[in-house]
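Chains A and B, in that order, give the protein sequences.
Okay, so the first sequence: first residue is 1263 according to this note's numbering, each after it adds one.
Okay, so the second sequence: first residue is 1476 according to this note's numbering, each after it adds one.
No lab work stands behind these hints, which were simulated from the structure alone.
We put the CB at the ideal spot given by N, CA and C, even for glycine.
Possibly wrong hints are sitting among the right ones.
Some chain B residues near chain A, calculated using beta-carbon distances under 8 Å [as the list claims (entries may be wrong)]:
#1 Ser-1563
#2 Phe-1566
#3 Leu-1572
#4 Thr-1622
#5 Lys-1625
#6 Gly-1672
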Amino acid sequence: MKCLVAILTFISAALISSSIIAAEMKLAVTTSFNNSGLSDVLLPEIKNDLDLEVQLLVVGTGQALKLGQAGDVDAILVHSKKAEEEFVSQGYSTHRREIMYNDFVIVGPSDDPAKISGSSTVVEALGKIAAKPSLFASRGDDSGTHRKELSLWKDAGKDPDEFSSSWYRAAGAGMGATLNTASGMNAYIMSDRASWLKFGNKGGLKLLFSGDPVLFNQYAFLPISPEKHPHVKIELAMKLEAWLITEKAQKIIGRYSINGETLFTPNANAKVN
Amino acid sequence: MNDIVEGMLSAFRLIFSLDADLFEIILLSLQVTLTAVIIASVIGMPMGAWLAVNRFRFRRLTIAVLNALMGLPPVVVGLIVYIMLSRSGPFGVLNLLFTPTAMIIAQVIIITPLIASISHQAIRDLWADYHDLLISLNTTKRQRIFTLVKDARRSLLTASLAGFGRAIGEVGAIMIVGGNIDHLTRVLTTAIALETGKGEFAFALALGFILIALAIIVNLAIHSISKTERASNW
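Isolated chain A (complex conformation) (with noise of 0.2 Å):
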């Protein structure tokens, strides 16, 4: 009897934890926006003006969509303009709205065997590595990181699915697993500025190239479309977006920094696409 009692009570224990009390809504967010860091300065905010309880699911790109496109949260915050566009022409979506943008860079071993470092392009670094050709980590895991990526090596007039895996390694993890994978066989490795500075095992890599401005990464908020799936919570997800292009959330975003670099450009404006 007293072991009945206690199952019960375990099971009844673990069933009020997981109801809902507060405001709450589901938002997917990808590995580089939570591991920067941004995500804990922007959520206190939000709850303190807003009233809601934003639960982050942190995921790459690809398995966010499919997480919005399934109905399973309410909206999603990615990077990768082209899958978004298709998201919304889909009816997953109502509309994309850009929000802010961080930048790529390419981190490789201090000595730098493929000499990268000054060169004026991107196409023209991954160039280097790929003759050299020096090892290099890939995503590997269809995230908006590893998309652009590939669309990189395109530009460069290179197909990876070519490339021989005795030096073009595909993690098929997200941002932190692959640079700990790259600093593990000290390999170059495309990240966004975010996750790098916030990457705690760094070893003997460093920063060699930045600036080029493909490299630029728009991230985009895109609610999921009640239409498709009427129980999401489309109310709470407007109300989230609203706040994000406000002036105040414009500014902790603008001036959110790591050892003094700020890393996001908040350039939110009224349009929506």
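Given chain A's structure and the hints, the job is docking chain B onto it.
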């Protein structure tokens, strides 16, 4: 090597600073896993006993399958539970995805075959001893199962603890169905995965040591409550 020492030190610092977030994560880990172990035991133990006392056509096949399911890959279980609970899946209306309940469901599926299989082994041996006695007393099947479960309780405790061990250290399934949401579904294992991804090895290791300590404490507590390993009572 330095990371390991640093990890141990920061584990102590974390515990003694009574960090509120840490305790939230520890409590949720315990809540999810213990609930899953209790539910899986309630299902798995009678199932194991039933398999031991009954003779039916596909018994060997059933037992072989059950044993094989002990090695269920958690990621696959997580993916299946995710698809079932997703808003686009058959149980989407229940709105259980990304909740502790979803994590419990996944863990119950992972550890029930383990508990049932170990229970079955234990009870089968006991059944060999009790067979003649229980038959001659003209007991019903239900009475036999009840007697066997009661007298095999120490071995069954091992089954439960094995289930606990598998569930508390599991990360693949609960990452998918729980989503590792801060203050909602973040448990020790998913937090370790997160910190490793950030390259914060010392902090990740600190959480790892806490997880190991927790498993030892729970095992000791259960042994002391059930008074095993004492003189004349083992």
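Hints, verified against the model:
Below 8 Å, beta-carbon pairs count as interface contacts, and Ser-1563(B) has one with chain A at about 4 Å; its hint therefore holds. At a threshold of 8 Å, the smallest CB-CB gap from Phe-1566(B) to chain A is about 12 Å, leaving the interface hint violated. For Leu-1572(B), the interface hint holds, since its Cβ comes within 8 Å of a Cβ in chain A; the closest pair sits about 6 Å apart. Checking Thr-1622(B) against chain A: minimum C-beta separation of about 17 Å lies over 8 Å; hint violated.
Against a cut-off of 8 Å between C-beta atoms, the interface hint on Lys-1625(B) is violated, since the closest Cβ of chain A lies about 12 Å away. Against a cut-off of 8 Å between C-beta atoms, the interface hint on Gly-1672(B) holds, since the closest Cβ of chain A lies about 3 Å away.
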